[in-house]
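What follows is the residue order along each chain.
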Amino acid sequence: MNFPKDLLYTKTHEFIKVEGDTCVIGITDFAQHQLGDIVFVELPEVGKKFTQGEKFAVVESVKAVEDILMPISGEVVEINTELEASPQLVNEDPYSKGWFVKITIDNKHELDKLLKIDAYLKIAK
Amino acid sequence: MATANIPLKRTFLYEEHKKLNGKIVPFAGWEMPVQFAGVLEEHNCVREKVGIFDVSHMGEVTVKGKDALAFVNYLVTNDVSVLSAGQVLYTPMLYDNGGIVDDLLVYRKSPEDFLLVINAGNIPKDFEWMCGILTRGKYDIELKNNSDLISEVAVQGPFAEKTLQKLFPIDLSGIGFFYFTESELSGKPVLISRTGYTGEDGFEIYFNNEYAAEIWNLILSAGSEFGIQPIGLGARDTLRFEARLMLYGNDITQDTNPLEAGLKWTVKFDKGDFCGKDSLLKIQESGLIRRLIGFEMIERGIPRHEYKIFKGDAEIGIVTSGTFAPYLKKNLGLGYVKSEFKDKGTEIFIEIRDKQVKAVVVPTPFYKRKK
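First to last, the sequence lines map onto chains A and B. If you read the first sequence in our numbering, its first letter stands for residue 16, the second for the next number, and so on. If you read the second sequence in our numbering, its first letter stands for residue 2, the second for the next number, and so on.
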């Protein structure tokens, strides 16, 4: 499994990639592997605001329905509309083509609560 | 289910599943592989090539003796008396109130010798029920639960016969749909039937536990030239679902009856008395209040077990099974609705995460193989 060093992670297996004031959010390689074949992704509307830890998306594999939690508080500025027709992108390329949403960050201090690669590797097994 | 504190059982193929990287999960009291390569790939492997399933968790009960035919024919709704030796029958088994105890396969070896194949999660309940029926009449029979002695594999898909023919001394093309024979697989005594739970052509093979690993591996080798793969419970469920084969506990339960489930073809009112007959006749006379229907999602969403079905503000039913259908590539469901909404083309709404998502009633089975 692949876990890029430049990302931050959550205990619930979301990743966040910070790019200035915005960031990209999705689920980790471990999460997609655990879920198996992903056949449905439900994303929020652009403009919606979420707080850290709040449910913002739903992923369904053939057998499972999982809530996806927001790693950090912010406003959705873009969603990956490709996932509607091609949910398997989350399995194939979770960090790049399989991203979920981009958000603007409310409070950068919340980043301190997230896991760096070493800490995440301890729980992703 | 109340199985949390009971240790899980393993089939005699557990180690083989581990070797093949099967993902093991608890199911009906057993540790079973839910998937190997992935549900979608495994599903389509069975539709297009051939797959092998460990179904050793299924239960086997033998009924032997002078009154075996009379006993079995009272126990189930379908008519066992019309079977010839070597024939198999699908049938529900009912409580006195018409609710379903289980659905099973009846193998008729002779009028004095039957094999009943029952669902894994129902083995103790079913056997207890059968023993209770035994005390109602003066049946001269011996009832035996052999579930812990017998292993079973299913080999399903368009290349199932070609795969197995390499291992059998008899001509398998001579076994018709829902017929069986006793033969040998590589010298091991087995019972083989042309039956299955996938909507494809295929066979189910029963044998003593001690042969399980050897037979499993022989079939995997024989099928390799046809692209055989091991198939987990995940794809077993999606395959049976596309073919509208009932899942006990979901589509049929003790609170449903075979008439509303669309299983009227398995109920033979004219065969004489059977358990649940009087109740079922009353249910039929008073009119069915609900029906099990198939539906296809029009708007985005996957229906799931126990989601509610609406028409306008009125709750009209409940989803019993639903999934993304891997071969048909549609989001489909089965569910009970009030009878007035059963006709194809009826627009209904499935409540998914507090939203009403549009669907339409469609004919079933969703998938029917080309003969």
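Any given hint might turn out to be false.
[Stated by the list, open to error] Restraint ranges, calculated between C-beta atoms of paired labels, are given here:
1) Lys-145(B) to Ala-100(A): 23 to 29 Å
2) Trp-266(B) to Thr-27(A): 46 to 52 Å
3) Phe-270(B) to Ala-100(A): 34 to 40 Å
4) Asp-127(A) to Gly-250(B): 46 to 52 Å
5) Lys-26(A) to Gly-87(B): 19 to 25 Å
[Stated by the list, open to error] A short list of chain B residues far from chain A (calculated; beta carbon distances all over 12 Å):
6) Tyr-15
7) Lys-19
8) Ala-38
9) Glu-42
10) Leu-90
11) Pro-125
12) Asp-202
13) Asp-238
14) Thr-239
15) Gly-250
16) Trp-266
17) Lys-272
18) Lys-278
19) Thr-324
20) Phe-325
21) Val-363
[Said to hold, decoys possible] Using 30 Å as the maximum straight-line C-alpha spacing, the simulated DSSO-like pairs for lysine-lysine come out as follows:
22) Lys-343(B) to Lys-78(A)
23) Lys-65(B) to Lys-24(B)
24) Lys-309(B) to Lys-283(B)
25) Lys-112(A) to Lys-309(B)
26) Lys-65(B) to Lys-50(B)
27) Lys-78(A) to Lys-283(B)
28) Lys-78(A) to Lys-309(B)
Read the hints as simulated data drawn from the structure, not as lab findings. Quick caveat, the model's predicted, so the values are computed rather than measured. We put the beta carbon where it would ideally sit given N, CA and C, even for glycine.
Going through the hints against the structure:
1. Lys-145(B) to Ala-100(A): 23 to 29 Å: The hinted range 23 to 29 Å is violated for Lys-145(B) and Ala-100(A), with Cβ atoms some 54 Å apart.
2. Trp-266(B) to Thr-27(A): 46 to 52 Å: Since the Cβ atoms of Trp-266(B) and Thr-27(A) sit about 48 Å apart, the hinted range of 46 to 52 Å holds.
3. Phe-270(B) to Ala-100(A): 34 to 40 Å: About 50 Å separates the Cβ atoms of Phe-270(B) and Ala-100(A), which means 34 to 40 Å is violated.
4. Asp-127(A) to Gly-250(B): 46 to 52 Å: Given about 47 Å between the Cβ atoms, the range holds.
5. Lys-26(A) to Gly-87(B): 19 to 25 Å: violated (58 Å)
6. Tyr-15: Given that every Cβ of chain A is farther than 12 Å from that of Tyr-15(B), nearest at about 20 Å, it holds.
7. Lys-19: holds (18 Å)
8. Ala-38: violated (10 Å)
9. Glu-42: violated (8 Å)
10. Leu-90: holds (31 Å)
11. Pro-125: holds (26 Å)
12. Asp-202: holds (24 Å)
13. Asp-238: Its Cβ does come within 12 Å of chain A, the nearest being 8 Å, so this is violated.
14. Thr-239: violated (6 Å)
15. Gly-250: holds (15 Å)
16. Trp-266: Check passes; 30 Å lies beyond 12 Å.
17. Lys-272: Holds, because the least Cβ-Cβ distance between Lys-272(B) and chain A comes to about 39 Å, which exceeds 12 Å.
18. Lys-278: Holds, since 38 Å exceeds 12 Å.
19. Thr-324: It is violated; Thr-324(B) is separated from chain A by about 6 Å at its closest Cβ, not greater than 12 Å.
20. Phe-325: violated (4 Å)
21. Val-363: The claim stands: Val-363(B) keeps its Cβ more than 12 Å from every Cβ of chain A (closest is about 19 Å).
22. Lys-343(B) to Lys-78(A): Holds - the C-alpha atoms of Lys-78(A) and Lys-343(B) are around 27 Å apart, at most 30 Å.
23. Lys-65(B) to Lys-24(B): violated (39 Å)
24. Lys-309(B) to Lys-283(B): holds (28 Å)
25. Lys-112(A) to Lys-309(B): violated (34 Å)
26. Lys-65(B) to Lys-50(B): violated (38 Å)
27. Lys-78(A) to Lys-283(B): violated (38 Å)
28. Lys-78(A) to Lys-309(B): At roughly 18 Å apart (the allowed maximum being 30 Å), Lys-309(B) and Lys-78(A) satisfy the hint.
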